[in-house]
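**Student:** Sequence:
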Amino acid sequence: MAQKVTQHPLDTTVKELLERVTDVKNGDFENNGVKGASPTVACNIRENGKVAERIITKNVSITTNEETGALTIKVKPNTPMEFVYIPAIVTQSGMTDIANNDFYIGKNANVTIVAGCAIHNGNTKETEHRGQHSFFIEEGARVTYLEKHYGETHANRHSDAGVVKMNPRVEIHMGKNSSMQMESQQIKGIDYTVRQTKAELGEGANLSVIEKIHTHKEQYAETQFDVDLNGEGSSVQVVSRSIASDKSYQKFVSKINGNTKCYGHVECDGIIMDQGRVTAIPEITANNVDARLVHEAAIGKIAGAQLTKLMTLGLTEKEAEQEIINGFLS
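Numbering (the working numbering), first residue to last: 1 to 330.
Keep in mind that the hints were calculated from the coordinates and are not lab data. Incorrect hints may have been included.
Pair ranges (Cβ atoms, derived) [as the list claims (entries may be wrong)]:
{"id": "1", "residue 1": "Gln7", "residue 2": "Lys261", "range": "49 to 59 Å"}
{"id": "2", "residue 1": "Gln7", "residue 2": "Tyr220", "range": "45 to 55 Å"}
{"id": "3", "residue 1": "Pro80", "residue 2": "Lys318", "range": "43 to 53 Å"}
{"id": "4", "residue 1": "Thr64", "residue 2": "Phe328", "range": "35 to 45 Å"}
{"id": "5", "residue 1": "Thr63", "residue 2": "Pro282", "range": "35 to 45 Å"}
C-beta: ideal position from N, C-alpha, C; glycine also.
Could you build the full structure based on these sequences and the hints that come with them?
**Tutor:** Listed below in structure tokens is the structure:
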């Protein structure tokens, strides 16, 4: 039986931001969460550093450390299927919101975690969210982790915008034969971000990461992946899709260490538009004769032939560009 605690009602702005990063309408996680969850949806809505709403279930517990404010989320072993929403919303201009969440996923559990963050900066002050998520995944557990980042300011209409920053850090500890699928998207409106992911994989563990980032104006986005393949038969696949428009800059750094018989594959594809810039820095290290590591990178502008083909179908050049961008990031 699910238990729900509401600290205060969600206002319209918060509900709209929640939908941006979780796809749940009207902030109603109890009834509009992912269909098919068993037995129901667990969630913790963080608003300006405090708990606005929390739902726990028989399989998922969520507790707060009263001294630090950190969350501990525990999923019981053998949980057949559970959805957990841990979104963070910041609407207080000038705030630096620091969130620390520890996830303990029990043996053979199956869970989907949605942990998006949205900032509405309605003033000229710098506003930041720093999310620290640590995962401890036991043997045979399966985790799907979905993360969307979104920012907006009153300067979507004016020129004196307050800066929006997001600096997430994810640490992953994977047990024997566990798996994790991680999908991260930066939708729009983030002026500065450094995204760090560090993982260590045990025997037979598999980590799959897909990252999609589109930057505009003079935004800066840096991604750092650092993965240690420690267990025999462990594997990692990292796919990065980046588009740098206007005068924005993106930097992608990947470090894969193959310390035993293992497999690692990193793929970075970047599109540059206007005066945008993209840098890809691969570092793959094989510390064992049976380690197989691959890195691929391709960066360039949209091919003229692609634009021409779509324009012959009646699209304008801008419409054709947008179609290509949508397909690239889908």
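**Student:** So, for every hint listed, does it hold in this structure?
**Tutor:** Consistency of the hints with the structure:
With their beta carbons about 50 Å apart, Gln7 and Lys261 fall inside the hinted range of 49 to 59 Å. A hinted range of 45 to 55 Å is violated for the C-beta pair Gln7 and Tyr220, which are about 35 Å apart. Pro80 and Lys318 have their C-beta atoms about 47 Å apart, which keeps the hinted 43 to 53 Å range intact. At about 40 Å, the beta-carbon gap between Thr64 and Phe328 stays in the expected band of 35 to 45 Å.
A hinted range of 35 to 45 Å for the beta carbons of Thr63 and Pro282 is consistent with their spacing of about 40 Å.
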